[in-house]
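Go ahead and model the full structure; you've got the sequences and the hints to work with.
Listed in order, the protein sequences are those of chains A, B and C.
Counting from 7, one number per residue, gives the positions in the first sequence under this note's numbering.
Counting from -12, one number per residue, gives the positions in the second sequence under this note's numbering.
Counting from 444, one number per residue, gives the positions in the third sequence under this note's numbering.
Cβ-Cβ distance ranges computed for the label pairs, FRET-style:
hint, chain 1, residue 1, chain 2, residue 2, range
1, B, V(-2), A, R95, 56 to 64 angstroms
2, B, G68, A, A21, 37 to 45 angstroms
3, B, H27, C, D517, 29 to 37 angstroms
4, A, M28, B, H27, 20 to 28 angstroms
5, C, E505, B, M243, 53 to 61 angstroms
6, B, L158, A, L151, 47 to 55 angstroms
7, B, L163, A, T10, 36 to 44 angstroms
8, A, G131, B, A177, 25 to 33 angstroms
9, B, G234, A, A21, 27 to 35 angstroms
10, B, K66, A, L143, 16 to 24 angstroms
11, B, R(-11), C, R630, 57 to 65 angstroms
12, B, E84, C, G577, 54 to 62 angstroms
13, B, S(-10), C, L516, 40 to 48 angstroms
Cut-off 20 angstroms, straight-line C-alpha distance, at most; resulting in silico cross-link-like pairs (SDA-like, lysine to any residue):
hint, chain 1, residue 1, chain 2, residue 2
14, A, K59, B, M243
15, B, K18, C, H554
16, B, K18, C, G520
17, C, K476, C, N448
18, A, K59, B, A178
19, A, K65, A, E51
20, C, K500, B, E119
21, A, K65, B, A178
22, A, K59, B, F242
23, A, K33, B, S80
24, A, K33, B, A178
Treat the hints as calculated values from the structure; they're not laboratory data.
Ideal Cβ placement from N, Cα and C applies to all residues, glycine included.
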Amino acid sequence: MDRTIIDLWVGIFVAAGVVALMVLALKVGNASTINLSESYTIYAEFDNIGGLKVRAPVKSSGVVVGRVAEIQFDPRKYVAKVALRVDRRYEFPADTIASVLTSGLLGEQYVGLDVGGDTVVLKDGHTLKKTQSAVVLEKLIGQFLYGKAAEGGNSK
Amino acid sequence: MRSVRHVGGSVVNGIWRLGYASRFFVLTLLKSPVSFRRFHQLTMREVYFTGVLSLIIIVVSGLFVGMVLALQGYETLQKYGSSEAVGTLVALSLVRELGPVVAALLFASRAGSAMTAEIGLMKATEQISAMEMMAVDPIARVIGPRFWGGVISMPLLAAMFSAVGVFGGYLIAVVLIGVDDGAFWSQMQAAVDWRQDVLNGVIKSCVFGVAVTAIALFEGYDAPPTAEGVSGATTRTVVTSSLAILGLDFILTAFMFTGV
Amino acid sequence: MATQNLIEVRDVTFTYDVRPVLKGINMTFARGKVVAVMGQSGCGKTTLLRLIGGALKPTRGEVRVAGQVVHELDTDGLYRMRRKMGMLFQFGALFTDLSVFDNVAFQMREHTDLPDSMIRDLVLMKLHSVGLRGAHGLMPSELSGGMARRVALARAIALDPMVIMYDEPFAGLDPISLSVIGNLIRRLNDALGATSIVVTHDVQESLKIVDYCYFMNQGVVEAEGTADAIKASTVPYVHQFVWGEMDGPVAFQYPCPPYTEDLNLGADRA
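Structural data, given as structure tokens:
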């Protein structure tokens, strides 16, 4: 079997394709940041999740440590039950607080984890006890107007 | 009455042809082992014809599409003061949609039509019949290697299209307009996910590769053995596979990117 | 007697959709002979070759090749049988993407495990027998019509077949190529000890080389016999065909109403 000029071209072609894939994976995408194949799942219950979506990031101190895996409505407690898949490399105390936050004024919503001081760490399947719901803009404006009105009433 | 009969006839004919095409596709898959057993001798050549010869059109188009995306995206994003997000815009549009779809459309018109014309001419000049009379199965010997050559080439071409497109976007946004280099890449990397975006794009282009080559080969094999027959089949290949690409893209996008 | 006849066509009827192409054909092709099947274009000659090659199934009747009924063979059996058949297509049907050498080597590479050096020798021998050993490096697009036909002939005999079928081997050739092909058909048949079936409408050229001859007209065998018997035939159709007369059983005029009626001559006078 002889090597031909076609082999050379096909070789160049395949190599270029693989390089392009690598560029897309490493340079354009973020294959290197978190690895969710090694993860554990914890749950958090929120009164209101606002615009949180599945696959939204889970951050602690601003670093992405996991992703939102599932969002369900609990029909008995009337709360939103959110499953968080967290990278196995990171462990969190049991009294960690989860809150739904917004990056920037119009940015995407994510789950922030504020670390507590407990010595017991969260395990797969645990549910966070303390959560903070999303801030709903209409409620915030409503409160602000109400406060202003009350202020105005007092000053008279 | 006659029009009813006409409509009925064309429906029956269409379903008949669909069944024939499906059987052809299954036969191609069943007779594929030859394409791999004699990969170097048969399939390599087809990777060359479908992949390497489509390289230039893919790379040049990718570069221009990326550059246009960056220009248009910058104009719009600038109004909201987030011109650094142009990297995200270019990369996400390319990796998720434009890379696989536009590369497949170009592939259909460059390689698909050539494949149909080649097979159609082989049929018109009795080369297929001659092969059958020599006790060589044309589906195993002619169709199979071309099919796998196309299926191997397509995702590689789409990846190159996206990568070159991102580079084109970088040229316009960073080098020409002066968007911050670091922000361009970091915002892009934060937004583009390896599994969700890149891998799904690759899966899309594999599906398109199967669809385009299967359509092109079937149209060629089914073409009436005349000059008009072959030219008609070539046109049908481009039309049918373009529609198939866009339709499949809608279905795949609905499955992949709607996080419901 | 049965061993003498390599191919037997018995009472074969073939209808394409609803149009009858062959209506009860009986033919025998004896071992070692060159037999011509003649007739006008569209009289079912090529269909007959396809039936013998197993590409079509007869509607009724059977075709036997070396004792086997062709349409009863499964795919493997059919392919085994076809390895012993060579066929020369009307315009050669060379593989346009392969060189002359690779075209002739095609079947050897597909069906045998011969080493490359032996294939090379065999291919050059086959090409030499058609006088084109020097052209082995050319591509089919670089060949003239006559040369392409000869290469196709070399390819058809690549595996030393027991049957060689020719579909219009003389169509569109200049007089020199014509007699070259005609002589090659005869010589190769005798050298290989094969049986040749020549489907053609070129009477003069084929009558020079054949042992026996069938005349077909509209799906039936009109006449048969040796070359001399055909030339002397008094069957009107055969006579018209052999001597190329303009009018006869095959009318010059396409069926039409009387001339005077069509030109409205009668109506004007009335």
